[in-house]
Every structure is written in structure tokens, then in C-alpha cells.
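Starting from the given sequences, assemble the full structure and let the hints guide the process.
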Amino acid sequence: MELQLVEKPPLRYLIGQQQQPVLQKLSEINELLEYCFGENCDNLALYPENLTAGFFDLSSREAGEILTKLRQYSIHAAIIVDLSTYAHSQYFAEMAYEENKRGFCYFCATVAEAEAWFAHHVAAKR
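Last residue of the sequence shown: 126 in the numbering used here, with the numbers rising by one and none dropped.
No incorrect hints appear here.
Using 16 Å as the maximum straight-line C-alpha spacing, the simulated EDC-like pairs for lysine to aspartate or glutamate come out as follows:
1. Lys69 to Glu31
2. Lys8 to Glu115
3. Lys8 to Glu113
4. Lys101 to Glu113
5. Lys25 to Glu65
6. Lys8 to Glu39
7. Lys25 to Glu2
8. Lys69 to Glu34
9. Lys69 to Glu28
10. Lys69 to Glu99
11. Lys25 to Glu62
12. Lys25 to Glu49
13. Lys25 to Asp57
Derived CB-CB ranges, DEER-like:
14. Arg102 to Tyr35: 19 to 25 Å
15. Arg71 to Ala123: 18 to 24 Å
16. Asn40 to Gln90: 34 to 40 Å
17. Ser59 to Pro9: 38 to 44 Å
18. Phe37 to Lys8: 16 to 22 Å
Hints in this document: simulated from the structure, not taken from any laboratory. Every residue gets a Cβ at the ideal spot worked out from N, C-alpha and C, and that includes glycine.
The structure is reproduced here in C-alpha cells:
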């Protein structure tokens, strides 16, 4: 599992490497959680290629299962993807919009947007 720890005090997060798989199948979500806990990090940024092949297809139910598991363990996940250009199922953008309002997952187009979102959560903890 290829994740890089980024530390920009007070911000701290793990990020997947572009073009590298992190979750190839749903069963690997537990390994991802272990990695986050091992690094004592509750902020995670992932690119589309870091996610399972069916993540952006709602009929696969993979997005729901992954996001639910991350939420259960209080991992804030930023998915770095431009949904206006990235292929996804018909209602995926609506699901992403709803997830953005919930506060544990944020779909954004850039790392800078992900960092700003993480910073908001760090500030809220203080």
C-alpha cells in the first residue's frame, strides 16, 4: 500500500500516490484503516486510481461500503477528482454532493482544496 504522510503543522494527512492502486478490492479497506491508525492519522486523501474499479459506479455499492467504513472509524477522506470530467455513473455526482455536506468525505478537484477541508476539521477539534 503506497501512501505518503504529509505534515504541514498543524495539518497532517496521508495521500495516495497518483496512478498507484491503494484499494484494489473491498476487503483491503481494513488494511487501509490499519495504515491510518498506525500513522495516527485521521485525514486521508485519495485519487480515483487509488480506489476500487467500481467506486465511481453506484450500482457496484463499493463507494457506499468504503465511505461507510471510513466514517465508522472517523477517518476524514478527501477524494481528489474533477467530477465534471471523470467518468462516473449517472447519480454519482449527486451522491458526492450529499457526502460533501455530511462532513466525513469531501470530493474536490485539487490537493489544495483537500488541505483546506482538512484544515477546517483540525481547527474544529481545537
